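There are 2 protein chains.
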Amino acid sequence: MLKNYLEKPLRELTFAVVGMGLIGGSYAKALRKLKVRRIMGMDISAGIAHACLNANMIDEVVEKDGSNLKEADVVICSVYPEAIVDFVRSNLGNFSAGALLTDATGVKGTMPREIQEMLPDGCEFLSGHPMAGRQGSGIAMSDAGIFNNSNYIIVPTEKNTAEAIGWLEHFAEAIGCARTVRVTMEEHDKIIAYTSDLPHITAVALVNSASYNENTQYFIAGGFRDATRVADINPELWSDLFLSNRENVIAEIENYQNQMERWKKAIMENDRDALKAIMREAGPRRRMLY
Amino acid sequence: MLKNYLEKPLRELTFAVVGMGLIGGSYAKALRKLKVRRIMGMDISAGIAHACLNANMIDEVVEKDGSNLKEADVVICSVYPEAIVDFVRSNLGNFSAGALLTDATGVKGTMPREIQEMLPDGCEFLSGHPMAGRQGSGIAMSDAGIFNNSNYIIVPTEKNTAEAIGWLEHFAEAIGCARTVRVTMEEHDKIIAYTSDLPHITAVALVNSASYNENTQYFIAGGFRDATRVADINPELWSDLFLSNRENVIAEIENYQNQMERWKKAIMENDRDALKAIMREAGPRRRMLY
Numbered sequence: 001m002l003k004n005y006l007e008k009p010l011r012e013l014t015f016a017v018v019g020m021g022l023i024g025g026s027y028a029k030a031l032r033k034l035k036v037r038r039i040m041g042m043d044i045s046a047g048i049a050h051a052c053l054n055a056n057m058i059d060e061v062v063e064k065d066g067s068n069l070k071e072a073d074v075v076i077c078s079v080y081p082e083a084i085v086d087f088v089r090s091n092l093g094n095f096s097a098g099a100l101l102t103d104a105t106g107v108k109g110t111m112p113r114e115i116q117e118m119l120p121d122g123c124e125f126l127s128g129h130p131m132a133g134r135q136g137s138g139i140a141m142s143d144a145g146i147f148n149n150s151n152y153i154i155v156p157t158e159k160n161t162a163e164a165i166g167w168l169e170h171f172a173e174a175i176g177c178a179r180t181v182r183v184t185m186e187e188h189d190k191i192i193a194y195t196s197d198l199p200h201i202t203a204v205a206l207v208n209s210a211s212y213n214e215n216t217q218y219f220i221a222g223g224f225r226d227a228t229r230v231a232d233i234n235p236e237l238w239s240d241l242f243l244s245n246r247e248n249v250i251a252e253i254e255n256y257q258n259q260m261e262r263w264k265k266a267i268m269e270n271d272r273d274a275l276k277a278i279m280r281e282a283g284p285r286r287r288m289l290y
Numbered sequence: 001m002l003k004n005y006l007e008k009p010l011r012e013l014t015f016a017v018v019g020m021g022l023i024g025g026s027y028a029k030a031l032r033k034l035k036v037r038r039i040m041g042m043d044i045s046a047g048i049a050h051a052c053l054n055a056n057m058i059d060e061v062v063e064k065d066g067s068n069l070k071e072a073d074v075v076i077c078s079v080y081p082e083a084i085v086d087f088v089r090s091n092l093g094n095f096s097a098g099a100l101l102t103d104a105t106g107v108k109g110t111m112p113r114e115i116q117e118m119l120p121d122g123c124e125f126l127s128g129h130p131m132a133g134r135q136g137s138g139i140a141m142s143d144a145g146i147f148n149n150s151n152y153i154i155v156p157t158e159k160n161t162a163e164a165i166g167w168l169e170h171f172a173e174a175i176g177c178a179r180t181v182r183v184t185m186e187e188h189d190k191i192i193a194y195t196s197d198l199p200h201i202t203a204v205a206l207v208n209s210a211s212y213n214e215n216t217q218y219f220i221a222g223g224f225r226d227a228t229r230v231a232d233i234n235p236e237l238w239s240d241l242f243l244s245n246r247e248n249v250i251a252e253i254e255n256y257q258n259q260m261e262r263w264k265k266a267i268m269e270n271d272r273d274a275l276k277a278i279m280r281e282a283g284p285r286r287r288m289l290y
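Residue numbers (the working numbering), protein chains in the order written: chain U, 1 to 290; chain P, 1 to 290.
No lab work stands behind these hints: they were computed from the structure. Computed from a prediction, not measured in an experiment: that's the story for all the values here. For every residue, glycine included, the Cβ atom is placed at its ideal position computed from N, Cα and C. Just to be clear, a hint being listed does not mean it is correct.
No more than 30 Å apart at the CA atoms, straight line, and that leaves these computed lysine-lysine pairs for DSBU-like [stated by the list, open to error]:
id	chain 1	residue 1	chain 2	residue 2
1	P	K265	U	K190
2	U	K159	U	K190
3	U	K265	P	K265
4	P	K35	U	K276
5	U	K276	P	K264
6	U	K190	P	K276
7	U	K264	P	K159
8	U	K265	P	K264
9	P	K190	U	K264
10	U	K264	P	K35
11	P	K276	U	K264
12	P	K264	U	K190
13	P	K8	P	K64
14	P	K190	U	K265
Short derived list, chain U residues pointing at chain P, Cβ under 10 Å [claimed, not checked]:
id	residue
15	A46
16	R89
17	T184
18	A203
19	P235
20	W238
21	S239
22	V249
23	E252
24	N255
25	G283
26	R287
Pairwise CB distance ranges, derived in the manner of DEER restraints [said to hold, decoys possible]:
id	chain 1	residue 1	chain 2	residue 2	range
27	U	E214	P	M268	38 to 46 Å
28	P	G47	U	A140	38 to 46 Å
29	P	N213	U	D121	53 to 61 Å
30	U	N270	P	R272	36 to 44 Å
31	P	R246	U	R32	28 to 36 Å
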């Protein structure tokens, strides 16, 4: 089975990006900077796919029936988690026999194994995603720079080959990531509930407080601005992300609620020593997060 | 009564900065950029005061007995809230008869009225502070730029004169602030509990979660980094700030806890519509915060 992506340099490969949103658009722009042979793009909105073509972000639109997907050596699925399985199932006959499929989804659940079971031999699905993102959503917010200095998480199963894993590590570095990390699917979803789902929840909760009013804007300094930077997120995408990682997210909210109770208790009891201990615990932890 | 600060331009005034920490040091640097006549500095640590002198941040160290404070036309107190009243009381005989005293304290409580009652006629205390700050603490983190584009909050009482208020507004703009806002002491402390105390608490609570471990650093993206930026704060200063604004802070924690419960309920009940409603409420609120 010829696997082009393992035999040829990036410049000679054809990529298909499925879903031209914030992340998909950023992949397309990063691929353009790498001067890959050809970039194909697909979006549920034909208008957006053609806008990407007109902007020279992609070289070709993937046909609605997926018939030209077979030209792609690597397919990057950057659609909502629920849509990836549907996309792969509808296009099982369209992928090139030696293609590598990957995704950029922040929650894994059972999705990687489901896809791996339906794919024909030779065609490999390796799950992963960059620890990158930014406020807002959509193609207009995409930026090749979002990968710079980020970590790229690779989530292999027992079905994945060392060659595909090695290639994805190399690719992540090529688009600007500083480091790649491998974890199991179960570890992945647990960690992401804390490091990604939870800070989005806390940011939204802060601006949604009953205390918010039209004068709030004049009294905010860096602390409030930063703590709420990711409060403006895509409700469709994120309700999928939260619900598909439901049990881990609930556990993280509860861990966090324990910390808020600890704060409230220390302040109610006028316990200066407890307050200092809380803050002294946080300082060194925060300084580890470069 | 001659009030130099009302009669002369900034370049002809002498300032005393009391407390050469992050904020006090930033005032001294901003005053230097304004080329004021003379900058005096005072710190509980003689070593720090002399380091500021050696670095040309100040022109003169305030004597331990306060005897040369009378040279100052304007005194800026940037010490911990609890220390301001003590400082003023110990130096009642040292201030120039027409001096303006102000502070940079994030919590007001009864402090402005206490000070106004003890000051001799002619010497005016007008409370205020910049909505500026940054992670860390201490003179080494000070920076004239922290005032740029920030808002300056002025908290007058019935004892303050329109002239002093006007002067402080002018001064705030001179050091780089974009806007000045006036509020009563009671409004001030209530608003600050939400816009400043609470985001520091949420940041600390996030990194203090039981889920934090040595691998957390590889899985954080912008969301976690931003949400926790102010988690590394000065425990001494902030336990004063939280406790001196205790009732308002408790009310804000409770408002916030209601929002966390709302999230948990929506996720536990798999209520996609409730989740979207929560996020749709937050987006426009966040976009108002330039």
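The hints, checked one at a time:
no., hint, in the structure
1, K265/P <-> K190/U, "holds, 19 Å"
2, K159/U <-> K190/U, "holds, 22 Å"
3, K265/U <-> K265/P, "holds, 23 Å"
4, K35/P <-> K276/U, "violated, 39 Å"
5, K276/U <-> K264/P, "holds, 29 Å"
6, K190/U <-> K276/P, "holds, 23 Å"
7, K264/U <-> K159/P, "violated, 35 Å"
8, K265/U <-> K264/P, "holds, 21 Å"
9, K190/P <-> K264/U, "holds, 16 Å"
10, K264/U <-> K35/P, "violated, 46 Å"
11, K276/P <-> K264/U, "holds, 29 Å"
12, K264/P <-> K190/U, "holds, 16 Å"
13, K8/P <-> K64/P, "holds, 28 Å"
14, K190/P <-> K265/U, "holds, 19 Å"
15, A46, "violated, 25 Å"
16, R89, "violated, 23 Å"
17, T184, "violated, 13 Å"
18, A203, "holds, 6 Å"
19, P235, "holds, 4 Å"
20, W238, "holds, 6 Å"
21, S239, "holds, 4 Å"
22, V249, "holds, 6 Å"
23, E252, "holds, 6 Å"
24, N255, "holds, 5 Å"
25, G283, "holds, 4 Å"
26, R287, "holds, 6 Å"
27, E214/U <-> M268/P: 38 to 46 Å, "violated, 33 Å"
28, G47/P <-> A140/U: 38 to 46 Å, "violated, 53 Å"
29, N213/P <-> D121/U: 53 to 61 Å, "violated, 39 Å"
30, N270/U <-> R272/P: 36 to 44 Å, "holds, 43 Å"
31, R246/P <-> R32/U: 28 to 36 Å, "violated, 56 Å"
Consistency note: the structure conflicts with the earlier hints numbered 4, 7, 10, 15, 16, 17, 27, 28, 29, 31.
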